[in-house]
Amino acid sequence: MTAAMAESASFANIVRLAGVQKYFGAVHALRNINMAVGRNEIVGLIGDNGAGKSTLIKTITGVHKPTSGRIFVRDKEIDLDAYSVGKAHDLSIETVYQDKSLGEKQPLWRNFFVGRQIVNRFGFIDVKKEKEIANDILLNTIGFRGVGISVDSTVQLLSGGERQGISIGRAMHFNSDLIILDEPTAALGVKEVRKVLDFVRRIKESGRASIYIEHNLAHVHEVADRLIVLDRGEIVAEIRPSEMTVAELTKYLINIQHER
Amino acid sequence: MKTAARSRFARIEGLPIIVVSVLIIGLFMITAPSVFLRPEIYTSTMLSTAPPLILLATGLTFVIAAGEIDLSFPSIIGFSGCAFAILFKLHGLGWIAILAALAAGVLIGFINGVLVAKVGIPSFIATLGTGFFWNGMATFWSGGKSYALRGVEDTSVYQILVGNLPIGDPATYVWYSQISVQAVWMAAIVVFLWFVLNRHRFGEHILFIGDSNDVSRVVGVDVDWEKIKLFTMMGLLAAIAAIMLTLENRNYFGNQGQGYLLTAIAAVLIGGTSIFGGKATIVGTVFGAVLIYLMEPGLVAAGATAETVQIMRGLVFLIAVIFYLFMDEPARRRALLARFMIRTSSGPAKPAGERPAQPTRGS
Numbered sequence: 001m002t003a004a005m006a007e008s009a010s011f012a013n014i015v016r017l018a019g020v021q022k023y024f025g026a027v028h029a030l031r032n033i034n035m036a037v038g039r040n041e042i043v044g045l046i047g048d049n050g051a052g053k054s055t056l057i058k059t060i061t062g063v064h065k066p067t068s069g070r071i072f073v074r075d076k077e078i079d080l081d082a083y084s085v086g087k088a089h090d091l092s093i094e095t096v097y098q099d100k101s102l103g104e105k106q107p108l109w110r111n112f113f114v115g116r117q118i119v120n121r122f123g124f125i126d127v128k129k130e131k132e133i134a135n136d137i138l139l140n141t142i143g144f145r146g147v148g149i150s151v152d153s154t155v156q157l158l159s160g161g162e163r164q165g166i167s168i169g170r171a172m173h174f175n176s177d178l179i180i181l182d183e184p185t186a187a188l189g190v191k192e193v194r195k196v197l198d199f200v201r202r203i204k205e206s207g208r209a210s211i212y213i214e215h216n217l218a219h220v221h222e223v224a225d226r227l228i229v230l231d232r233g234e235i236v237a238e239i240r241p242s243e244m245t246v247a248e249l250t251k252y253l254i255n256i257q258h259e260r
Numbered sequence: 001m002k003t004a005a006r007s008r009f010a011r012i013e014g015l016p017i018i019v020v021s022v023l024i025i026g027l028f029m030i031t032a033p034s035v036f037l038r039p040e041i042y043t044s045t046m047l048s049t050a051p052p053l054i055l056l057a058t059g060l061t062f063v064i065a066a067g068e069i070d071l072s073f074p075s076i077i078g079f080s081g082c083a084f085a086i087l088f089k090l091h092g093l094g095w096i097a098i099l100a101a102l103a104a105g106v107l108i109g110f111i112n113g114v115l116v117a118k119v120g121i122p123s124f125i126a127t128l129g130t131g132f133f134w135n136g137m138a139t140f141w142s143g144g145k146s147y148a149l150r151g152v153e154d155t156s157v158y159q160i161l162v163g164n165l166p167i168g169d170p171a172t173y174v175w176y177s178q179i180s181v182q183a184v185w186m187a188a189i190v191v192f193l194w195f196v197l198n199r200h201r202f203g204e205h206i207l208f209i210g211d212s213n214d215v216s217r218v219v220g221v222d223v224d225w226e227k228i229k230l231f232t233m234m235g236l237l238a239a240i241a242a243i244m245l246t247l248e249n250r251n252y253f254g255n256q257g258q259g260y261l262l263t264a265i266a267a268v269l270i271g272g273t274s275i276f277g278g279k280a281t282i283v284g285t286v287f288g289a290v291l292i293y294l295m296e297p298g299l300v301a302a303g304a305t306a307e308t309v310q311i312m313r314g315l316v317f318l319i320a321v322i323f324y325l326f327m328d329e330p331a332r333r334r335a336l337l338a339r340f341m342i343r344t345s346s347g348p349a350k351p352a353g354e355r356p357a358q359p360t361r362g363s
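If you're matching them up, the sequences are chains D and C in order. According to this note's numbering, the first sequence holds residues 1 to 260 in order. According to this note's numbering, the second sequence holds residues 1 to 363 in order.
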């Protein structure tokens, strides 16, 4: 992690994809993807169901191996044969999957550290230290105060927005330079959505980058620096939210759909 | 604060089963004082014959915590016990026979793990199949015969693994002279496994896997490999149980493990480990095993027959599972109460609504 920090002064893009293709059997899921995410940029990724958004981020995070193409992290090419979720973690890339990144029945402190436990030589966990740090993340990074949540609370007691907060807080604690958010506002109420969008702004303020997948154009329009539109596995447009209102954006996307 | 003290009390691991065990043993003390008010039932009887059950149940706690099941361990007991008995008796291999029995358990468990994690067969089916297979292999190897291990008491294998602790004179039958060596081994293994489940990376991974395989993969847990380790560990524990059983009985017979399938699973679930995985308690399992074990002498001493013991075990098992189901799942509990028209405090149906309301939120 310190190595990643030291290098951080000397790169332009946290991640860059060049000519990435992905086939699942005969299905061409990603077609010649070329994209880059700047080091302190929030990139919104939009597109219909089945457009390939999930496949794309799973490729970036090492879940899927691309069939061909190259991936660069911090401007350095990745050896795709050795790439994995663990490697992505080591490179400070973190994904917050909707409803899939927290263990429901487990206490928060375990959820913060699972996969990256503080252990001794024999693999036994330093519970006291993990709880202390988890408490610090809860209070300071996420800002949960006086809401009846402690590090011993289980995830099933949390609301949807709070869960996203926990996941994002975890990512920020581990100094992730790139935090990938997979529809973090899906199925949330208005108040909870506001909280999540605040978390996304915290990512930007802390100098990190984010890829933000979203169905709701208004939400992503509000926080993203740049929008990438994906359709049937292909990047079909790049848009700056400052150049278009939400209404214009919606119309534009519908037009793209019709043209194709 | 009263509530704080209460919540700390409620957080004692395995509390419901501890209370129930104490109550039932208390009941037995009243119905059968000649048995349950004397130390021998606990020392000489329980400590010498319950360790295999407790070890198996502890291993199964991990398996069930991971949302899996192992139905093959009675057959592992059969096969490992067979390997031990034949190598020990017919080939005079002593400690090598022990190692061979342990290796057999590890190998069978490993195969189970590969079938479940890599081939992708649901563990219920995979271990049902391997159970049949290894049971058949054990019968094939032993020729369906039992092997009496006469004179085994004089070997170091026996003295180090089972038998009585060298405290007091065994001939006097004082209770403390009757404490078995296998109970000490069992206690050491169970305490170690408690730490593995609650304090080790492996235990944490098992709990997350039981919670959700998808979440575990996303957070970077090697789900397949952890499952292989899990079934391998279960195989090893079954092999240890097999050695203890064979040595304690000084005899090997093919279906010596068969009686443990339901009792071990019952011990785990009575103890409070979730049938849906993700939540497990080894303290609960140990008390569950003790309860399941003591029900037989308790009911028999009170004049019940073997059928009654079965019926009572079945009842206790079902009641416990239903109890935990409604304890663990607030939504289910609410649905049940609603069906009986019992109104709980109004509020949102979401679990988040369950915590005490707080006035404000920071930031």
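Keep in mind that the hints are not guaranteed to be accurate.
Label-pair distances were calculated between CB atoms; the ranges are [claimed, not checked]:
(1) 338(C) to 255(D): 49 to 55 Å
(2) 326(C) to 36(D): 48 to 54 Å
(3) 338(C) to 250(D): 39 to 45 Å
(4) 306(C) to 129(D): 51 to 57 Å
(5) 123(D) to 120(C): 23 to 29 Å
(6) 118(C) to 248(D): 19 to 25 Å
(7) 139(D) to 118(C): 41 to 47 Å
Computed footprint of chain D on chain C, listed as stretches where at least three residues anywhere in the stretch have a Cβ under 8 Å from a Cβ of chain D [said to hold, decoys possible]:
(8) 197-206
(9) 213-222
(10) 273-280
By construction, these hints were calculated from the structure, which means they are not laboratory data. Where is the CB? At the ideal position from N, CA and C, for every residue including glycine.
### Query
Is the hinted range of 19 to 25 Å satisfied by the C-beta distance from residue 118(C) to residue 248(D)?
violated (51 Å)
### Message
Can you confirm whether chain D covers the region 273-280 of chain C, using C-beta to C-beta distances below 8 Å and requiring at least three such residues?
### Response
n = 3 at 8 Å, threshold three: holds.
### Query
Using the C-beta atoms of residue 326(C) and residue 36(D), is the stated range 48 to 54 Å upheld?
Check passed, 53 Å falls within 48 to 54 Å.
### Message
Taking beta carbons only, do three or more residues of the region 213-222 of chain C come closer than 8 Å to chain D?
### Response
holds (count 8)
### Query
When you take the CB atoms of residue 306(C) and residue 129(D), is the distance between them in 51 to 57 Å?
holds (53 Å)
### Query
Is it true that the C-beta distance of residue 139(D) to residue 118(C) lies inside 41 to 47 Å, as the hint says?
holds (43 Å)
### Task
Count residues of the region 197-206 of chain C with a Cβ under 8 Å from any Cβ of chain D, then say if the count reaches three.
holds (count 6)
### Task
Indicate whether the distance between the beta carbons of residue 338(C) and residue 255(D) respects the range 49 to 55 Å.
holds (50 Å)
### Task
Given the range 39 to 45 Å, decide if the beta-carbon distance of residue 338(C) to residue 250(D) lies inside it.
holds (42 Å)
### Assessment of proposed distance window 23 to 29 Å (beta carbons of residue 123(D), residue 120(C))
holds (27 Å)
Checked against the numbered hints given earlier, the structure breaks only hint 6 and satisfies all the rest.
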